[in-house]
Amino acid sequence: MALSVSAGGRVWRKFCKTFNFGPNSALKRFPTCTANGRLYSTSSDNVLVSKDEKSGIATVRMNNPPVNSLNTAMLVSLRSCFEELENDKSCRALILTSQKPKVFCAGLDILEIYRKSPDYVAQFWEKLQDMWLSLYGSRLVTMAAINGHSPAGGCLLSLACDYRIMAEGKFTIGLNETQLDLVAPFWLRQTMVDVIGYRQAEMALMIGALYTSDKALQLGLVDKLAPIEDVQTVAEEEVKNWLKIPDQARAITKMASRKPLLDELRKRKQEDIQTFRDETTRESVQMSIQQYLEKLKAK
Amino acid sequence: MALSVSAGGRVWRKFCKTFNFGPNSALKRFPTCTANGRLYSTSSDNVLVSKDEKSGIATVRMNNPPVNSLNTAMLVSLRSCFEELENDKSCRALILTSQKPKVFCAGLDILEIYRKSPDYVAQFWEKLQDMWLSLYGSRLVTMAAINGHSPAGGCLLSLACDYRIMAEGKFTIGLNETQLDLVAPFWLRQTMVDVIGYRQAEMALMIGALYTSDKALQLGLVDKLAPIEDVQTVAEEEVKNWLKIPDQARAITKMASRKPLLDELRKRKQEDIQTFRDETTRESVQMSIQQYLEKLKAK
Amino acid sequence: MALSVSAGGRVWRKFCKTFNFGPNSALKRFPTCTANGRLYSTSSDNVLVSKDEKSGIATVRMNNPPVNSLNTAMLVSLRSCFEELENDKSCRALILTSQKPKVFCAGLDILEIYRKSPDYVAQFWEKLQDMWLSLYGSRLVTMAAINGHSPAGGCLLSLACDYRIMAEGKFTIGLNETQLDLVAPFWLRQTMVDVIGYRQAEMALMIGALYTSDKALQLGLVDKLAPIEDVQTVAEEEVKNWLKIPDQARAITKMASRKPLLDELRKRKQEDIQTFRDETTRESVQMSIQQYLEKLKAK
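Residue numbers (the working numbering), protein chains in the order written: chain F, 1 to 299; chain X, 1001 to 1299; chain U, 2001 to 2299.
Okay, chain F solo, but in the shape it has when bound:
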């Protein structure tokens, strides 16, 4: 599930190389990556929220430099933010995007599952489940404005939304878990199956495929492409179309469609946690992660 690293400047510089960030990358502004220690703080600035009171459209900007890794703090902040907007009667829609252009979200923070106790890993996984339940089950129109790379957990966030607009160009999206010897959970697999169909999803998950935006559009993994600088604007225009539909009928229709999967995860939550915990803390997987980290450093 996790491919991003929030470890130190050196690892990060190598990571940038992997993603082919040029020297003029906006990400140069974040040369050093620091682990975010603000746990359970919903007022953390790792997620920035703004809301247009007139239209009821909120924009949620992930702001966890350098690559919006989903560590515990970030998962907690996202969930708090989604629930707050859910309970805000004046809010009708949510656009999820990145404050850091070129990376939408690089996925779970791999350090959260590297050489950690089974209990720590279990708690981390539950935070991911809870965040996902609040986004996937939202009554709001949810739109992913994918303004950069979106592997693993980034793709998970996108799949949980109602509509996906992605930046044109060399950016990639996909569920590449198997590349790191990890296995996507059933609920994530199901959203992939739902969005691109069983056959393409089965293959994508087996080979851990990362797709360019063009290919992602062709597969239906994203719904629309736009130049990176226009992704937010295009998302706002799209949301306005959706808001022409009465909220209640649209939300009931959405829930009718998503309730079975939401219920399934709620029912199998502990089983899903145990599966992830047991698989992830296996020595062979820990070795895979170690090798991955060493490979990044060696570059």
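Hints are all accurate, no fakes.
Per the computed footprint, the stretches of chain X lying under chain F, defined by three or more beta-carbons under 8 Å from a beta-carbon of chain F, are:
1) 1175 to 1187
2) 1193 to 1199
3) 1202 to 1216
Label-pair ranges, simulated between beta-carbon atoms:
4) F:270 to X:1286: 37 to 47 Å
5) U:2090 to F:278: 24 to 34 Å
6) U:2086 to F:118: 30 to 40 Å
7) X:1278 to U:2268: 29 to 39 Å
8) U:2297 to X:1233: 31 to 41 Å
9) X:1283 to F:86: 20 to 30 Å
10) F:86 to X:1050: 48 to 58 Å
11) U:2274 to X:1263: 19 to 29 Å
12) F:271 to U:2297: 52 to 62 Å
13) F:241 to X:1120: 30 to 40 Å
14) X:1168 to F:241: 21 to 31 Å
15) X:1099 to U:2230: 53 to 63 Å
16) U:2291 to X:1063: 40 to 50 Å
17) U:2255 to F:99: 37 to 47 Å
It should be emphasised that the hints constitute simulated quantities derived from the structure, not laboratory data.
By construction, the Cβ of each residue, glycine as well, lies at the ideal position given by its N, Cα and C atoms.
Add chains X and U to chain F, keeping to what the hints say.
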């Protein structure tokens, strides 16, 4: 579920405008729309049936001017007709089309759920369920010859068939229920998911999308396009191809595919009636319908 | 389920005509078709296996002249072969292809269900189930190198693999069971639905469609086309890409996806056998088979 109006000349003329019918429209022949009062009459002329004895192909023409609104009488006639053909050993296939070019079927008659008692709405909904069960579960080759607009209930009828041929041009098809603050029932949603895939169906249902024939073909919502004057002929040719297959194996194969959904509706019939009745008779939905009717009149 | 015939030279020559084999066909080498009497023999030469020890890639060549009909012996050999490779720790992938170019596999041997006792048919069907369970549920990367026609059981074998490469040209693939008054079992239907989607699968199964390679590619029924002489090479290249992914994560991911259907067949095995036995031994189906055989002879 309902978007059609069988109320009076003025409403109807405005409704035509909404659908962009030109002054030369064949529908000019039906300037006044009268509510069809023939309830439970299977010998009603709101459905015209002809059968070619040699080939065993029946053609069922919807004939409820001006726009083939599905009121109680129409639902009862359709069901009776489907069951009669089902039990006619010499019948092998059924082509469903409209006697009134430019509109295949405009959907449920909205007046059947406007300011009606809960019991009335419940009985109306059961008629729809029964009609759908007889068409979707038919042993016959069923082909929709969609010779005109096909919103809401028109799309429902099309989705229940085995194959869909639609008129080229500006005609539209889709499940636009949410536009009127209504929610498609689970069995209709499932046929949409089955035909165009989960992702496109979820989106189409949330935003109440109406698609042009070209877009519908691209999505797989219809299987073939033809000039409006050729839709019936093309349907007859297509049926002949299907009839080359032994009836029994084809019918068993079809049932194997459709039995789970048929059983699900049979099992949850009362629950589905209650859901529709409770949602539809809610004051906010009644207000939406009222506003919709007033908007039509105001045009 | 069965469309192939291993009966005698005359029937076979007519069968070739049906498939448009030219006078220069490699199949000329097998002018007479003999029923393979080697039952339960895993050392039979009807399946040829070679393995590259370095890469761990095994190639399984079906070698049951003239058209790789799936009779009992062939089903038993295939299953033994799949299970042997499954248990061979050094084996990582399996390429399934035909030793006889122009026909990948012509499907179940129709003579195995023609005028046979119910018990014989039941045992035959169980052999098919067991073979399918071992291929569909394999931990290996499984790749179909479809170097020729692939109707009915040939399509079944292809659908059970992870990836399908098919020869360009006039070769066809599909589940054409209904053409012979037969019905595909639920597990085969489900793999078809999974691979090409519900709607296309429902239609394909109802009309017993055989698709050209081009159409099969467009539908997603196969993943890639190659000139017939390159199918094996392209398959080997593709496998190498898949083997870059850690085996364990890939195999767990595959099982997570396929376990529900595997479990369903295991659970309903006897019911599925009875259904096939009862349907197939019905006089009307036996007459259909007889007419089919007579039609072949009469050509």
